[in-house]
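If you read the sequences in order, they're chains A and B.
Just so we're aligned: the first sequence equals residues 39 to 290 in my numbering.
Just so we're aligned: the second sequence equals residues 39 to 290 in my numbering.
Hints were generated in silico from the structure; no laboratory data involved.
Quantities reported herein were computed from a predicted structural model and do not represent experimental measurements.
Hints are not guaranteed to be accurate.
No copy labels: a pair is met if it fits in one copy or bridges any two.
Unchecked claim - Under the rule of at most 25 Å between Cα atoms (straight-line distance), these lysine to aspartate or glutamate pairs were calculated in the DMTMM-like manner: (1) Lys241 with Glu59; (2) Lys226 with Glu209; (3) Lys226 with Asp287; (4) Lys49 with Glu222; (5) Lys241 with Asp55; (6) Lys241 with Glu114; (7) Lys241 with Glu222; (8) Lys49 with Glu65; (9) Lys241 with Glu75; (10) Lys49 with Asp168; (11) Lys49 with Asp242; (12) Lys106 with Asp70; (13) Lys226 with Glu289.
Next come the chains, spelled out residue by residue.
There are 2 protein chains.
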Amino acid sequence: MANTGDDRRPKYQRIADTLREEIRSGEYGPGDRLPGENDLMAVHGVARMTARQALGVLRDEGVAEARKGAGVFVREFRPLRRRGIQRLAQQHWGNGRSIWSADIEDRSLQVDQVSVSEEAAPDGVGAVLDLADGETVCVRRRRFVLDGKSVLLATSYLPTSLVAGSAVTEEDTGRGGTYARLAELGHKPLRFREEVRSRMPSKDEADQLSMSAGTPVILVCRTAYTGEGRAVEVNEMTLDAASYILEYDFEA
Amino acid sequence: MANTGDDRRPKYQRIADTLREEIRSGEYGPGDRLPGENDLMAVHGVARMTARQALGVLRDEGVAEARKGAGVFVREFRPLRRRGIQRLAQQHWGNGRSIWSADIEDRSLQVDQVSVSEEAAPDGVGAVLDLADGETVCVRRRRFVLDGKSVLLATSYLPTSLVAGSAVTEEDTGRGGTYARLAELGHKPLRFREEVRSRMPSKDEADQLSMSAGTPVILVCRTAYTGEGRAVEVNEMTLDAASYILEYDFEA
Chain A
39 MANTGDDRRP
49 KYQRIADTLR
59 EEIRSGEYGP
69 GDRLPGENDL
79 MAVHGVARMT
89 ARQALGVLRD
99 EGVAEARKGA
109 GVFVREFRPL
119 RRRGIQRLAQ
129 QHWGNGRSIW
139 SADIEDRSLQ
149 VDQVSVSEEA
159 APDGVGAVLD
169 LADGETVCVR
179 RRRFVLDGKS
189 VLLATSYLPT
199 SLVAGSAVTE
209 EDTGRGGTYA
219 RLAELGHKPL
229 RFREEVRSRM
239 PSKDEADQLS
249 MSAGTPVILV
259 CRTAYTGEGR
269 AVEVNEMTLD
279 AASYILEYDF
289 EA
Chain B
39 MANTGDDRRP
49 KYQRIADTLR
59 EEIRSGEYGP
69 GDRLPGENDL
79 MAVHGVARMT
89 ARQALGVLRD
99 EGVAEARKGA
109 GVFVREFRPL
119 RRRGIQRLAQ
129 QHWGNGRSIW
139 SADIEDRSLQ
149 VDQVSVSEEA
159 APDGVGAVLD
169 LADGETVCVR
179 RRRFVLDGKS
189 VLLATSYLPT
199 SLVAGSAVTE
209 EDTGRGGTYA
219 RLAELGHKPL
229 RFREEVRSRM
239 PSKDEADQLS
249 MSAGTPVILV
259 CRTAYTGEGR
269 AVEVNEMTLD
279 AASYILEYDF
289 EA
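I would like the entire structure built from these sequences, with the hints used as guidance.
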């Protein structure tokens with residue numbers, strides 16, 4: 039894996055390797071400005087296009103980001119820690135705290151663009167929720183914003199037959215949120231499944247999450263089940279991968 | 039979020055949107071060949087560069103992949119399901135099965151390029167394992183290959199003071215693997231933490247995992263703890279995101 043002496047790689051790759059190593063070693067820290075095209079041209083004796091390509095490699099890897107008119111900077115990675123298991127522990131939402139509060143620690147995560155509607159269930163969701171043909175779902179969409187930047191898009195689906203007339207269909211679900219309301223309705227979530235994937239964002243997702251180039255999204259699909267094993271909610275989340283670490287703690 | 043009538047977007051973006059929608063609706067299924075540059079030029083009345091850019095958008099998103107000389111195809115996503123919790127359940131490795139066997143279901147996951155060495159602990163690892171200055175670790179590197187394609191790189195770190203002279207330092211750790219050996223040594227792992235991130239691969243990672251363009255890696259860092267809370271192993275895994283779904287099942 040050592041690149042030492044591997045002179046067959048294109049020059050811009052080798053310059054990118056050098057810069058990456060200097061970032062890894064801490065010579066350039068998070069938020070530091072990297073050498074510009076002119077600096078790289080002078081130091082490495084290369085053409086502007088080669089210098090530009092080298093910086094492009096680091097941008098595409100998400101290691102660096104361009105700021106208009108200011109240069110290329112080492113990406114700052116100061117992610118939220120999302121605890122998949124502790125945060126869903128009954129003690130949290132049972133006490134009336136939103137399940138999201140464990141995510142934010144001392145930083146201000148805000149929910150905006152909340153919308154609630156009744157819709158036909160998407161195919162996959164209908165299957166998981168075991169809906170009959172034509173049964174509708176209550177769809178709750180919202181966006182989570184941290185320090186002014188959107189970091190997560192979430193869409194929850196719940197069977198209309200389960201939640202019609204309850205606060206689950208209101209923008210403000212009240213103390214303890216959706217899961218506390220489901221418990222009151224006799225459908226207390228007791229088991230959860232989270233499925234995690236990652237891919238590059240679509241243009242729309244990148245726009246909605248104001249993402250930099252070279253940054254993937256993490257997709258988390260969470261299903262909540264009652265003690266009888268009935269699926270009562272599917273929550274599809276799209277996370278800016280530069281903003282999140284997911285954590286799962288469990289016993290053997 | 040509807041693109042209808044949004045004519046201010048560049049033409050290649052709108053062509054990409056159309057193709058993406060046709061893929062989403064199933065008109066083009068996994069593995070199907072997409073219209074080529076010539077087809078797109080004729081259908082949309084655009085220049086070759088515009089057609090090429092449209093296909094480039096789908097490649098960069100990981101929705102499609104180019105095959106040399108054959109065209110651009112809808113990416114096939116037939117991932118492994120990796121169960122973070124069930125697969126570590128004692129019943130699995132306690133019975134002498136490798137913790138990885140739950141991953142493969144009916145497909146053939148093979149381990150190759152196993153190497154074991156004694157090394158200085160990387161900074162972060164030394165801190166988690168609570169090592170004294172200069173204490174070394176046993177480093178186990180291996181690669182997991184599915185159907186001929188490498189899908190996961192794993193590097194485990196264990197304190198040398200714990201495992202010296204045991205089969206943990208051999209290429210073949212024997213029945214039940216590393217965790218069964220740790221149990222025999224009186225350091226049975228009982229609690230686990232998995233931290234999950236995602237980013238674009240470095241050139242080396244992309245090469246080692248034979249990854250297509252527009253595909254991120256998922257990073258899983260697993261720490262194993264004894265009942266007394268001592269960290270006995272750190273395992274850093276790099277997964278081809280196109281090959282994996284991670285699953286975590288847990289109770290409220």
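* Against the earlier hints, flag every one the structure doesn't satisfy and list their numbers going up. => Per hint list: 4, 7 and 10 violated.
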